[in-house]
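This note's numbering numbers the first residue of the sequence shown as 486 and each following residue consecutively.
Simulated from the structure, these hints should not be mistaken for laboratory data.
It should be emphasised that the depicted structure is a prediction, and the values quoted were computed from it without experimental measurement.
Mixed in with the good hints, there may be bad ones.
Pairwise CB distance ranges, derived in the manner of DEER restraints [to be verified]: (1) D549 x T605: 18 to 24 Å; (2) D504 x Y572: 33 to 39 Å; (3) R506 x L607: 17 to 23 Å; (4) Q555 x R506: 28 to 34 Å; (5) E596 x C492: 17 to 23 Å; (6) Q573 x D549: 22 to 28 Å.
Taking lysine to aspartate or glutamate pairs in the EDC-like style, the calculated list, with each CA pair at most 20 Å apart, reads [stated by the list, open to error]: (7) K591 x E581; (8) K552 x E533; (9) K587 x D549.
Quick reminder that beta carbons are idealized off the backbone N, C-alpha and C, glycines included.
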Amino acid sequence: ERRFSPCDPLYAAPEIFVDERWPDRFDVYSTGVVMLRMLFPELRDDNELRDFQARLASPPCNGDLNKWLQQRLAEKVRDFARNEGFYQGLAVLNDENGAMWKLLVKMMAPEAARRPSAETCLAESPFLYDG
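Based on the sequences and whatever the hints tell you, model everything.
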């Protein structure tokens, strides 16, 4: 039996369904997942992405992307040479005094109400310029 979903569960926000009060916040979270996959090569593998989601949702992270990063850094430091792509992704996120990382943390907030709107994300993105 085939089952259909409005989106791929790998990209779904924790609330699973769109909250009518903040309809774009679901997509903001999904965009954050896409950004993570672009920046961290290990997350391009679906199984690794599932592991990321499980780690992010579970203690000690409990949805906090900063705690996930601390956990991953503790693991990755031991094996730096094999994880060059991970550190390259971090370098991109640390440009502009970490503006992109700060935005990504907001985008990946576990509660829809805490995520910025799509318009705010565009306004805060250090990679998008007027002109």
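Checked hints:
The hinted range of 18 to 24 Å is satisfied by D549 and T605, whose Cβ atoms lie roughly 20 Å apart. Roughly 36 Å separates the CB atoms of D504 and Y572, a value that falls within the hinted 33 to 39 Å. With their beta carbons about 20 Å apart, R506 and L607 fall inside the hinted range of 17 to 23 Å. Between Q555 and R506, the C-beta spacing of about 32 Å keeps the proposed range 28 to 34 Å intact.
About 18 Å separates the C-beta atoms of E596 and C492, a value consistent with the hinted range of 17 to 23 Å. Distance hint for Q573 and D549: a CB-CB separation of about 23 Å, consistent with the stated range 22 to 28 Å. With a CA separation close to 16 Å, the supplied pair K591 and E581 stays within the 20 Å bound. As the CA atoms of K552 and E533 are separated by approximately 17 Å, the hinted pair is consistent with the 20 Å bound.
Restraint check: the Cα-Cα separation between K587 and D549 comes to about 12 Å, which is no more than 20 Å; the hinted pair holds.
Checked against the numbered hints above, the structure breaks none of them.
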